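Trainee: Protein chains in written order, with our numbering: chain C, -13 to 368; chain W, 186 to 355; chain E, -12 to 89; chain A, 267 to 648; chain Z, 1077 to 1245.
Hints are computed from structural coordinates only; laboratory data are not their basis. Be aware that one or more of the hints could be misleading.
Unchecked claim - Simulated crosslink set (SDA-like; lysine to any residue; CA at most 20 Å straight-line):
#1 Z:K1212 / A:T446
#2 C:K319 / W:K268
#3 W:K333 / C:L51
#4 C:K319 / W:D243
#5 A:K413 / C:L33
#6 W:K333 / C:N322
#7 A:K413 / C:D298
#8 W:K215 / C:L51
#9 W:K333 / C:G47
#10 W:K235 / W:A223
#11 C:K233 / W:T272
#12 C:K233 / W:K268
All of these numbers come straight from a predicted model, not from anything done at the bench.
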Amino acid sequence: MSIWPEERLDHVDTEGFHTVDMTINVGPQHPATHGVFRMLLTVDGELVTACRPYIGYLHRGLEKLSELNDYRQAMGFWDRTDYLAGLLCEQAYCMAVEKLADIEVPERAEYIRVMLSELSRINSHFMFLGAFGADVGSFGTSFTYAWRERERIYDLIEEVSGDRMFPTYCRPGGVTMDLPENFEKRCREVLGHIYQGIDDLDGLLTGNEIFVERCRALSPLTTERAINLGVTGPVLRSTGLAWDLRKAEPYSVYPHLKFDIPVGLRGDVFDRYMVRLAEMYQSARIVEQCLEQLPGGPFLNPNLPKNLRIDDAEAYVRIEGTKGEYGVYALAKGGNKAYRMKLRSPSFCNLSALSEMVVGHYVADAIIILGSLDIVLGEVDK
Amino acid sequence: MTAENVTLPPLAGAIKKALPKVPCAASLTKTDLDLRVAPADLLALVQGLKDHPDLGFDYLRNVTGLDMQENGLELKYHFYSFKHGHTVQVTVATPPGESHLPTLAGLYAAADWHEREAAEMFGFVFDGHPDPRNLLLEEDLRIHPLLKAHPLQPVEIVQGIEDGRAGFEF
Amino acid sequence: MVPLENYLALSGILFSIGFYGVLARRNAVLILMSIELMLNAVSLNFIAFAAYLDPDRIIGAIFAVFVITVAAAEVGLALAIVIRLFRNRATSNVDDAAIMKW
Amino acid sequence: MNGASPLPFGDVFFGWSWLDAIIRIVIVVLLMTVVVVYLTYGERKVVARIQQRLGPNRVGPWGLLQGFADAIKLLIKEDIRPRAADRWVFEFAPFLTFIPVLMVLAALPFARDWGVRNVTLGLLFVNAALGLNIVGIMMAGLGSGNKYALLGGVRAAAQMISYEIPLVISILCVAMVAGTLDLNAIAILQEDRPFLLLQPLAFVIFFTAMLSELHRAPFDIPVAESEIVGGYFVEYSGIRWSMFQLTEYASLWAFSIFGSVVFLGGWEFPMGSDWGWGWQLFLTFVKSLAWIIAVMWVRTTVPRLRIDQLMSFCWKVLLPMSLVQLLMNGFILVYDWPQELLTLTSGIGAAALVGFVLYRTARHPSVAHLVGSYKRAGAAAQ
Amino acid sequence: MGGAIVATEILWWIFAAGIVGAALGVVFSGSVIHSAIFLILSLAGVGAMYLFLMVEFLALVQFLIYGGAVTVLILLALMLTRMGAGEKVNGAQAPVAFMVAVALGAILLSVAVRTAWPGDTGDMPHNIAIEAVSEKLFLDFGAPFVIASVLLLVALIGAIVLARQEDGE
């Protein structure tokens, strides 16, 4: 018989009891969350033992709106998904509609789309670099460095389309208007600044021991796991798999352009950062080639009907978005509206891997891992 | 979607050959090969698609719910194989009122959130799903906004959405 | 000026307050704090004696230095034990630690 | 107080010089307020310059009155206390953090014998006072009833206790060489060369540990904005929050003067004490300004360390290095070796410490692997 | 000097009252955090007492060690274990303990006040020079000094071993 009263021992958990677990809430109003994202971290001291993400604060019913508005009207909603690279989303949407209705796109329009999409990609990656630097804690210097170049790109996009973030520039069948006259000169000027800006940020972040130490070997992801989790884009490429939809399933004029797919070695946070940095050079290369190859001709298919009506057709169009595979599933059943539009958003799928990736790391690292996924809440929540 | 006389790509033959026991009907969409299966055969088909060396569909791209109104709900899966670089779309139709489907979360971790989204937006029930909470909507909300029967807000009716006109009148 | 008796009285009061704390409190950290009070009373006593009674006025200060050293070591160890206890038993009540095994 | 014999410390409280002391304290406190106001302004300007912004430029000429505007705004802001807070702990914490800084200021010589009091044990006094300000921080962390504050408090405690050791040892090295704890005497000893030249290793350690004690980047872990939203003062507002700010900048100022007295020769080097007090004050001002700008510079360019990296840096690098410096000083003093030897060995130590960090920065194979080729490709395309 | 002496005495009584009040706070307050803060106040008061006794060096050491390290360690332990909320702080023997402590205090007081201390010069204490302390400490008390440092080392290692979280635990 034990001499100890039993009830005294029944709160004793002999297995795995550490200090008191604490739940801390990160977001939706938190300096580190990119937009309105919330996660509940259960921490033991400084280590994360569980993570529960909450999304949906920015859910605007994109898919429902696309069913309720006709094909041209609905396009305005789509560049609000990945609002850091609106033109890419427009391109994907227009490609989906064109696929459904079998619309030809003039080559000049394709080049313009690709050029502006790649500029948007650079823009989005600049945003990533700036915000990521702030996540790691560099007090906004990376942010302002990145912002400088972003302003230049936005100015250029504004000169072309009339708007900065949400240009609504593409149309099913082409683009709304032609490029301005001095576009090539301006674009080359901006590109020069972009190269400089990438080098500056490279020096500021990669050239810093603390930054590298924070990111190196942090939360490595294997290729198999990444594929199983549905992670795409730079995060997948950082694991060493050279899979880019621009090469794997070429669309638009990408077959005519020369560029490489940067891949990482270990799939850790540092590789994700480096892959994005390298991708920016590649995007700039693509823009330069587009400037050289830009053909003349119409910028919009002249044979378009005023009111687009599409009979039964179904397509799943995917392009390489800034965050990964940006897929648009479209189903038409007659009439001037889509029967169903579904966005396969890369941020959404990458974010679903978050809770698995942060467990076992420090709270500070959880923020960095979240930053390294580079989510855009407009795209996650649709 | 397409006419019967369209020639199917070699992938269709490969799937038929690899998985002879699973009854499915192949057709083509504008972009991909489409396989239509019954809910009971879904798990067998997907398991086969994933495990068979000639198919190797290791990546779940997308899950799309559809409201086919009187024909019940449909779910479309898109799979991709990194090894072979091919894509297939799998369509499952569920009868009205019984939208039960087996979960794929055990095979593809990516299916977790996709299925949660389809469940809250359309009212699918994924049997065996590890975490069937709402994802985008509030957790205690039991409405399915992407159903065609979901009521619109007055402002949307004012905008002319309900009567099918194409937007504002000026 | 303040006579020696005042210091000794103050030290005595401080010591008995700490003594009460050690006896009455059940939380390990609180007991530790009370012990700190007692130690301080002791070193105050040392210093007071040194200042008033010792012609050198130094030995007492040196003793107080040692007391502070020992107190610092003691606190470090004791808190390590408390944290350990808390981890294994989810309590910091010394009565729950009477089991003499982990 | 014309410096012939410094008063014993006890006289500060119990001697006849009460009135004198009160006048000096009032002057120093007023001076401190002005300095803090302009330090915030200066920090914003310096940071803005580094981040390619303008900084405050609206209130007064060049924005010079911005600090006062902010101070007034903070003073009339509502003081909010959370319901979960422990009332008295919460309300007194800001003042408790502030008192030690005031104590430090009372012992600092601004020019020859120009200070509130010339304390014989000045070096020890400053250390003791600086060790106290953590109590207020812990009180804020515990009393706020907020998890971010609690985490910040835990981090602050762990960090400040750890870094106090190398800080104290580096100051101890100075005391060994100087043979006195009197700050004025230490300054006078540096007539020919500052202690920075004599023992650069101690200087490097002091500077690093000082950044940590001040919660400055890269050691701003307790107040990490992107992780725990400001740490221990997250719940404070209005005047109590401004007390924390006041403490932060006042201790930066105090540390800069203390450091320049201890390592840069204070008001003595390079002009000697024959010059008038005006020049001496100016010299103190210049040296502390250089010190402060160095701190701000580090802050804007360096990301934040993780808590375990912070700890291992302290215990595995700083502490052994400071012990090495202590040993070297001991040998020099005991065997009466020439002081040049100390300069040499300590210089080698400092170079090893700095070179270690630089070497680690320079050895990133994957950076070259990933970006090197693409950089060249980009440059070629350009 | 007369005015200064009176001022000193008044200050002394204020500080003594503060110390005793804070010490009572340590043992009677219901919240562990409040106890810890009272402890800081009380120890700071003892440090001020060292100033009255003209042992500045020790006063500063008291601030540095107790204020900067010991109480911070205690607060840190409170934070890590997060106790204090709703936990019973006093045991059943508190009333008995109170009586014993009162008796002990009475004895100590009477001994302190009623004993004629031999060699009590009645002088105002002089300042103790730090050089003298260090000479005494390092020359005459060399062995205790070394032993104390070994004790500190052992305590350090022991604390690390105790508080470490082993793998799989």
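Trainee: If a hint holds in the structure, say so; if it doesn't, say that too.
Mentor: Each hint, compared with the structure:
no., hint, in the structure
1, Z:K1212 / A:T446, "holds (18 Å)"
2, C:K319 / W:K268, "violated (34 Å)"
3, W:K333 / C:L51, "holds (12 Å)"
4, C:K319 / W:D243, "violated (31 Å)"
5, A:K413 / C:L33, "holds (14 Å)"
6, W:K333 / C:N322, "holds (16 Å)"
7, A:K413 / C:D298, "violated (56 Å)"
8, W:K215 / C:L51, "violated (23 Å)"
9, W:K333 / C:G47, "holds (13 Å)"
10, W:K235 / W:A223, "holds (18 Å)"
11, C:K233 / W:T272, "holds (15 Å)"
12, C:K233 / W:K268, "holds (15 Å)"
The earlier numbered hints that this structure contradicts are 2, 4, 7 and 8.
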